[in-house]
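Enquirer: Each chain, written out:
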Amino acid sequence: MSGSGMLIFLLKIVGALVIAVLGVIIGLFYKGVDRKLAALMQSRVGPPIRQPFLDFFKLMVKENIVPENAVPWVFNGAPVLALVSTVTILYYIPFASIPALLGDSGDLILIAYLLALPAIALVAGGFSSGSTYASIGAQREMVMMMSYELPLVTTIIALGWRLSLAYPGINVFSLEILSANPIWNIVGPLGFIGAFFLLFTLAIVTPAELSIVPFDIPEAETELAGGILVEYSGRNLALFELANAVKMVVMASLTVVLFFPYNIAQLFSVSGFLATIIDILFFFVKLFVVIFFEATFIRVAVARLKINQASVSYLIFLSTIGLMGLLLIAIDYII
Amino acid sequence: MSPKELLSFLKKNLKESILDSRIDTNKEGIKQEEFNNIWLEVEQSKFRDTIKLLATLQYPHIAIIAGNDTGESIDLLYLFSIYYGEKFKEISINIKVSLDRKKPSIGTITDLIPGAQTTERETKEMFGVEFVGLPDMHNIFLPEDFPKNVFPFRKNEKGLDELVQNES
Amino acid sequence: MSKSTYKVPIGPIHPSLEEPMTFNFEISGEKIKSIDLAPGDNHRGIEFMGRNRNIIQIIYLAERICGICSASHPFAFCRAVENAAGISVPPRAEYIRVIIAELERIHSHILWAGVAAHELGFDSVLYLSWKVREEVMDILEILTGNRVNYGMFMIGGVRRDISKEQIPRIEKTIEYYKEAYQKLEDVFLQDPSIAIRTKNVGVLTYEEALNLASVGPTARASGVKKDVRQDQPYSAYADMDIKAITPDMFSGKVNGDVYDRIIVRVLEVKQSVEIIEYCLNHLPDGEILSEKKIAKLLGILKKAEGEGVGRHEAPRGEVIHYVKLGEGESPEVWKARAPTYNNLMSWVPMLQNQEVADIPIVVASIDPCIGCMDRATLVDANTYQKQVLTREELRKLSIEKTRRMMQ
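Quick mapping for you: the protein sequence lines, in order, are chains A, B and C.
Residue numbers for the first sequence follow the numbering used here, so the first one is 23 and each next one is one higher.
Residue numbers for the second sequence follow the numbering used here, so the first one is 373 and each next one is one higher.
Residue numbers for the third sequence follow the numbering used here, so the first one is 2 and each next one is one higher.
If you're looking for bench data, these hints aren't it; they were derived computationally from the structure.
Here are the simulated lysine-lysine pairs, DSS-like style, with alpha carbons at most 25 Å apart:
id : chain 1 : residue 1 : chain 2 : residue 2
1  : C       : Lys325    : B       : Lys468
2  : C       : Lys303    : B       : Lys399
3  : C       : Lys293    : C       : Lys165
4  : B       : Lys459    : C       : Lys271
So, partial list: chain A residues that the calculated Cβ filter (under 7 Å) puts toward chain C:
id : residue
5  : Gln64
6  : Ser65
7  : Arg66
8  : Thr154
9  : Val235
10 : Ala247
11 : Val322
12 : Val324
13 : Ala325
14 : Arg326
15 : Lys328
Yeah, the Cβ is synthetic: ideal placement off N, Cα and C, and Gly gets one too.
Work out the full structure, taking the sequences as your base and the hints as a guide.
Expert: Spelled out as structure tokens, the structure:
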């Protein structure tokens with residue numbers, strides 16, 4: 023390995039650590055904002071924004087209990103897997119004008135797979151904890167996964183396919199290219215509506231990925247007493263909470279990168295370092311807006327669905343909307 | 373049927389099985405609206421017939437069985453009401469049945485009124501009354517390991533200290 | 002899984018239960034196959050305690066059977082004693098009793114509405130309802146001095162009068178609830194996400210409601226027009242024209258599902274507001290107690306003999322107290338029955354073949370009050386201990402633990 027190659031390698035390791043820590047901090051911060059806003063919408067005072075941090079530190083000092091009839095290595099491994107896989111996704115997502123850390127070695131298809139991993143970790147953890155509540159929760163989580171994967175993948179495929187028609191011969195699933203060529207720019211009016219349908223699909227998949235109301239069915243506090251997480255405590259629970267916080271950032275970033283990759287630095291006619299900072303700040307604002315609509319607002323406005331209702335709404339209604347989006351884009355290209 | 377007619381209807385059908393009867397009338401409110409409580413005491417053997425008779429008029433609503441250990445007998449007071457659903461038409465019918473204290477036993481009415489199950493099970497636990505025909509189920513209010521021969525609401529049980537003892 | 006069914010216990014402690022109670026479910030997939038109810042975790046032996054107290058002390062005991070029904074139980078108890086001893090109540094006291102009882106109904110129904118929304122995972126509505134409920138708790142505090150356990154009832158009347166200055170304040174509350182009612186109706190009866198979770202869920206048919214002797218909103222939602230306030234004249238209700246509320250008044254038909262129970266309760270809030278308004282407008286003058294000196298009252302009660310039944314329509318349904326006065330200060334028999342006791346059995350047909358996700362809302366739909374129901378046994382012994390511990394043993398264990406901690 024040459025000297026410069028070594029340097030890049032070291033830089034990437036440092037970058038990976040920085041992104042992991044930043045991702046966690048940003049995730050917990052947005053979680054605090056989300057809780058505060060939800061509280062204000064419900065006319066409560068609500069917790070301080072730093073509450074998720076306090077919760078995390080509290081959980082870290084609590085005793086980590088492994089139930090007697092749990093399978094210890096799965097039970098303890100699941101939270102680690104969940105956190106690691108979600109943090110890994112961060113390495114593939116370009117933040118504002120900063121390119122993704124591992125942008126050249128992975129694309130949207132990989133992200134789709136990585137997104138399924140935390141859910142699988144949850145299911146494994148739930149089944150291995152040896153509690154009836156957790157088992158029911160894990161079964162529900164599996165059903166949820168099977169339900170929301172189809173609309174999610176429909177969205178991804180539709181975007182890539184349209185891009186490949188516009189620019190043949192490039193890796194259309196690379197996030198760099200996707201964010202450099204927003205879908206809105208390359209389609210006509212019909213395609214525009216189609217793209218909007220796709221955005222809607224992604225926005226409704228997000229609450230299920232984050233398992234918040236109305237799709238918190240696997241955890242369903244009032245039914246299953248926390249369901250899948252019922253036996254988790256201490257450090258393991260803290261890791262799941264972290265994974266969930268990071269996933270919130272991931273899902274919101276994905277929406278931003280796929281649908282709103284615009285930067286505003288050019289508008290101020292600045293360049294260089296200052297432009298990067300402005301773009302990053304703007305990126306955070308976009309994240310906030312997306313989280314507000316995809317998580318906080320939905321969570322406050324509706325009741326929890328039942329598992330069959332959720333499944334039907336994903337597999338039938340949302341998939342139809344996604345496919346219609348795809349169809350509209352296709353028609354738009356043909357005419 | 374007015375309360376008086378109802379009482380004479382019951383008397384006509386049950387004859388001397390009715391050991392005692394009276395009607396309490398309350399006048400309520402500024403308008404002095406009347407409300408009637410019929411108190412009956414019937415023979416143990418005719419109790420089920422009384423309920424069947426009531427059921428021909430309207431499905432009787434059972435409120436509760438109130439037990440009383442008088443020392444000589446165990447009195448069960450069944451609190452029913454009928455003619456509900458219309459303004460001020462309801463009549464309360466309270467039927468007393470006296471049971472032998474040594475071996476209290478009475479036919480169940482859960483086949484006629486399934487809703488009586490809870491209160492029959494409670495009476496069984498608390499007074500040791502056997503309800504013939506009531507399926508044997510686990511204790512409803514007392515702990516499962518409560519001593520089987522202790523009935524808390526009998527008057528010879530004097531209080532907590534004596535009652536809750538380890539069997540060992 | 003190899004077996005087709007598995008057992009899930011809900012309770013004794015579970016987030017969807019406000020009070021301890023055990024349900025044992027046998028579940029196949031997400032469907033409930035069989036249900037076993039095992040109450041008894043909340044026994045405090047209240048009726049037993051009543052044996053060693055005099056009648057006036059029992060009023061306060063009855064009040065503490067349940068925090069939310071803390072007007073209903075003393076109401077029924079006082080009426081039972083008054084019927085037994087032949088004590089008449091001054092009209093003004095009757096009206097004040099009804100005002101307190103109806104305020105309690107508003108309080109209870111709105112509290113329930115919030116709990117039901119929480120069971121559905123709709124927390125925003127929980128916060129909204131409980132915010133609306135604060136007003137009625139405030140007015141109860143102004144009128145009685147307490148937010149719960151009002152301490153308002155006395156044999157032969159009430160303990161506190163409603164003064165002229167308080168009436169505008171009550172009118173303000175009435176106005177507040179007339180406005181809030183619209184909001185509640187919007188949130189509960191027009192919201193699609195509540196309807197989707199409650200329609201055709203936990204159905205109790207008309208026949209089942211009759212057979213199982215259901216009471217209150219549970220029975221009325223199944224079309225049984227049973228409401229003590231309508232069926233029998235008592236207290237100030239005798240002067241009013243009260244109709245039992247059934248869901249067909251709102252939706253035109255009776256399904257007997259959870260949604261119908263919501264309809265009944267929401268409409269009853271409106272009805273209660275109207276009753277309070279009537280009582281305020283027709284509040285008679287005069288005394289509030291038939292006998293002011295408690296010692297003298299106790300003397301009368303000691304001499305009195307006889308038996309009486311007191312019924313009252315509590316927020317959850319008919320509450321009934323039976324009192325037999327005998328020799329001595331304490332009653333020979335005191336039997337208290339809360340509405341949940343009768344509605345207990347209706348859980349079985351409601352939950353049969355429902356989904357796990359429906360358990361919390363169906364259980365909550367009868368507005369269970371386990372504290373009321375489980376009032377009647379001896380010791381709050383730990384049922385999961387193989388043996389029942391005596392107080393000495395508990396004390397010994399406690400001392401041992403203290404020693405361990407100190408080491």
